[in-house]
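J.: The lines below spell out each chain.
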Amino acid sequence: AQSVTQLGSHVSVSEGALVLLRCNYSSSVPPYLFWYVQYPNQGLQLLLKYTSAATLVKGINGFEAEFKKSETSFHLTKPSAHMSDAAEYFCAVRLGGYNKLIFGAGTRLAVHP
Amino acid sequence: DTAVSQTPKYLVTQMGNDKSIKCEQNLGHDTMYWYKQDSKKFLKIMFSYNNKELIINETVPNRFSPKSPDKAHLNLHINSLELGDSAVYFCASSHGLAGVTDTQYFGPGTRLTVL
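Residue numbers (our numbering), protein chains in the order written: chain U, 1 to 113; chain S, 1 to 115.
One should not assume that every hint holds.
Listed next, the in silico DMTMM-like pairs over lysine to aspartate or glutamate satisfying Cα-Cα at most 25 Å (straight line) [unchecked claim]:
hint	chain 1	residue 1	chain 2	residue 2
1	S	Lys-71	S	Asp-102
2	S	Lys-9	U	Glu-15
3	U	Lys-49	S	Asp-102
4	U	Lys-49	U	Glu-88
5	S	Lys-44	U	Glu-88
6	U	Lys-100	S	Glu-24
FYI, nobody ran anything at the bench for these hints, they're computed from the structure.
Source: prediction; values computed, not measured.
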């Protein structure tokens, strides 16, 4: 069965530091993978997605993620954190032909001055 | 200009009541979804409709009944509300089902509190 695991429910970084949010997937077929961000009291916004084209995917707000099949990972990174990046981040894998998204448990990113 | 909108944004009600949440998308999409986000932020799909046809129906109590009057709307009706139904409910839509570009776009959520 397809699933995603997000390592670390809380990540705290200093403003200007590297952001690394980890996501590992389990899939018997080439996966479609997504990162969504949820700001407080808001809906989910797509950051980026992997659809079997380039393994390094660039998204909005300076985020990027690299698909590594050998490690079954799709970690999200940003070179320099900004205070406005504080939010909940969700990794998701698309299951089957019905566009069903399976979400990870989420990682809360805190950015401190 | 809101792409996916939900009403109401907040809903507070007593146990045993029946309530509905409405969702509308103006993106011209064919597929719509309902997700539930619990108090620990865990997101799980509940239902999906494609061209007004139910295509995903997860293990959800039959007190929950989705209705899609047209492709732009997907409403969620909940009968006999229970404390455990308290959650944030998100509507989403996508162009289709299986294409590379079938990204799901989410609404702002409806926070349901059952007292």
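J.: Hints first: check each against the structure and report whether it holds.
T.: Comparing the hints with the structure gives:
no. : hint                 : in the structure
1   : S/Lys-71 - S/Asp-102 : holds (16 Å)
2   : S/Lys-9 - U/Glu-15   : violated (32 Å)
3   : U/Lys-49 - S/Asp-102 : holds (11 Å)
4   : U/Lys-49 - U/Glu-88  : holds (17 Å)
5   : S/Lys-44 - U/Glu-88  : holds (16 Å)
6   : U/Lys-100 - S/Glu-24 : holds (20 Å)
Hint 2 alone, counting from the list given before, is not met by this structure.
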